[in-house]
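Same order as they appear, the protein sequences are chains A and B.
Just so we're aligned, residue 1 is where the first sequence starts under our numbering, counting upward by one.
Just so we're aligned, residue 1001 is where the second sequence starts under our numbering, counting upward by one.
Any given hint could be a false lead.
Just the calculated beta-carbon pair ranges, DEER-fashion [unchecked claim]:
hint, chain 1, residue 1, chain 2, residue 2, range
1, A, V102, B, N1158, 20 to 30 Å
2, B, G1093, A, S123, 40 to 50 Å
3, B, M1142, A, T80, 44 to 54 Å
4, A, N46, B, Q1007, 39 to 49 Å
5, B, L1012, A, D89, 53 to 63 Å
6, B, P1115, A, K103, 18 to 28 Å
7, B, P1115, A, D105, 15 to 25 Å
8, A, T80, B, L1012, 55 to 65 Å
9, A, R98, B, A1051, 57 to 67 Å
Hints are computed from structural coordinates only; laboratory data are not their basis.
For every residue, glycine included, the Cβ atom is placed at its ideal position computed from N, Cα and C.
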Amino acid sequence: MLRLLSILAVLCLCIPAYATESSAIPKLDIGKGGECVKEPQWMRKNHMHLLTHQRDEVVHKGVRDDKISLKNCIECHASTKDDSVIARDDSFCVACHRYEAVKLDCFECHSGERKSAWLKRNSK
Amino acid sequence: MSEINVQRRQFLKMSMGVAAVSIAPGIFLFDMAHGKADANKVRWGMLIETANCAEGCNDCVTACNTENGLSDGVSSTDSQWIRKIEIKDISTGRETSLPMMCQHCEHPPCVDVCPTGASFKRADGIVLVDKHLCIGCRYCMMACPYKARSFVHEPLQNQNPDVPRGRGTVESCTMCVHRIDQGQQPACAVACPNKSILFGNLNDPDSEIATRIRTVASAQVRADLGLNPGVRYQGL
Chain A
1 MLRLLSILAV LCLCIPAYAT ESSAIPKLDI GKGGECVKEP QWMRKNHMHL
51 LTHQRDEVVH KGVRDDKISL KNCIECHAST KDDSVIARDD SFCVACHRYE
101 AVKLDCFECH SGERKSAWLK RNSK
Chain B
1001 MSEINVQRRQ FLKMSMGVAA VSIAPGIFLF DMAHGKADAN KVRWGMLIET
1051 ANCAEGCNDC VTACNTENGL SDGVSSTDSQ WIRKIEIKDI STGRETSLPM
1101 MCQHCEHPPC VDVCPTGASF KRADGIVLVD KHLCIGCRYC MMACPYKARS
1151 FVHEPLQNQN PDVPRGRGTV ESCTMCVHRI DQGQQPACAV ACPNKSILFG
1201 NLNDPDSEIA TRIRTVASAQ VRADLGLNPG VRYQGL
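Put together the whole structure using the sequences plus the hints.
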């Protein structure tokens, strides 16, 4: 009986610790930020669906909706320090994806850099 | 695809249609894909005037490399979307210089052989690789009679934000699709100092390219294959 009580006591102590950990959101550099598509919580859950839909529209039909394009996301969310969404551990895409342990393979092909910065560097 | 194969495909489509209808009116076991482009819509193409194309001039290749972030052949496995070739008629000694790239066929063999549907033709006739679907098997490279496609062997950095490219996928001339969608001309056509590359809509009878191919003799490379390329050559 005493053993059962001690286990319960330990469990009670564990719950608040777990609750605080799950509500901790990774700190990330949101760049310029802003809310041009939907509110942040909706975007956290659904941005991948928007991007997948957009990519098929662009590649196959040439419908380039600038608002929900990856390039436009990067334009606002790239860090103001290094113009990138992937350069550092707290960069906009990297911070959450690392926290959630979701592989981020967009940037094996796509540039993670703000286009204006790329142009500045490559127009010599 | 040869003429015979086109007819065979038509026959198969027709017989499948008959089979589908005969099951019961209004009930179909399967339906055909409706991806056929409207013949009256845009079909982008190019006309290359070989008489003006200067031997040794590489401006179109350089412009393509700059626009699409290609390395300009630093290593032997690097991608090449457009190349200059010099050909010589042995019997007459006549030499011709011309650019060779993806010919954007109406019946592209690369699309026929692709196992994942990554290689496809847009409704406006541009043949592209959807790199999200490409598994890098390189069947399309073997199928292409123009040797137009390249495989990316090494990891890449610093891509043009408008032109995503990555290791493990096949790529080729996109006719600068990102520029066309914004109403601009392909980089090679703009860069050519002799205006040898004429870009335009083959389906618009009033366009400059349609007028030119109507009035002057032009040829398709390997026309015998019946692929109907969108790139034509004048003076070949």
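We went through each hint and held it up to the structure:
Hint check: V102 (chain A) to N1158 (chain B), Cβ distance near 25 Å, so the stated range 20 to 30 Å holds. At roughly 44 Å, the beta-carbon separation of G1093 (chain B) and S123 (chain A) lies within the given 40 to 50 Å, and the hint holds. Under the hint 44 to 54 Å, the C-beta atoms of M1142 (chain B) and T80 (chain A), about 47 Å apart, fit the expected range. At about 48 Å, the CB distance of N46 (chain A) to Q1007 (chain B) agrees with the hint of 39 to 49 Å.
In this structure the supplied range 53 to 63 Å holds for L1012 (chain B) paired with D89 (chain A), their Cβ-Cβ distance being about 56 Å. Between P1115 (chain B) and K103 (chain A) the beta carbon distance is about 24 Å. The supplied range of 18 to 28 Å therefore holds. For P1115 (chain B) paired with D105 (chain A), a C-beta distance near 21 Å keeps the hint of 15 to 25 Å intact. The hinted range of 55 to 65 Å is satisfied by T80 (chain A) and L1012 (chain B), whose Cβ atoms lie roughly 58 Å apart.
With their beta carbons about 58 Å apart, R98 (chain A) and A1051 (chain B) fall inside the hinted range of 57 to 67 Å.
Checked against the numbered hints above, the structure breaks none of them.
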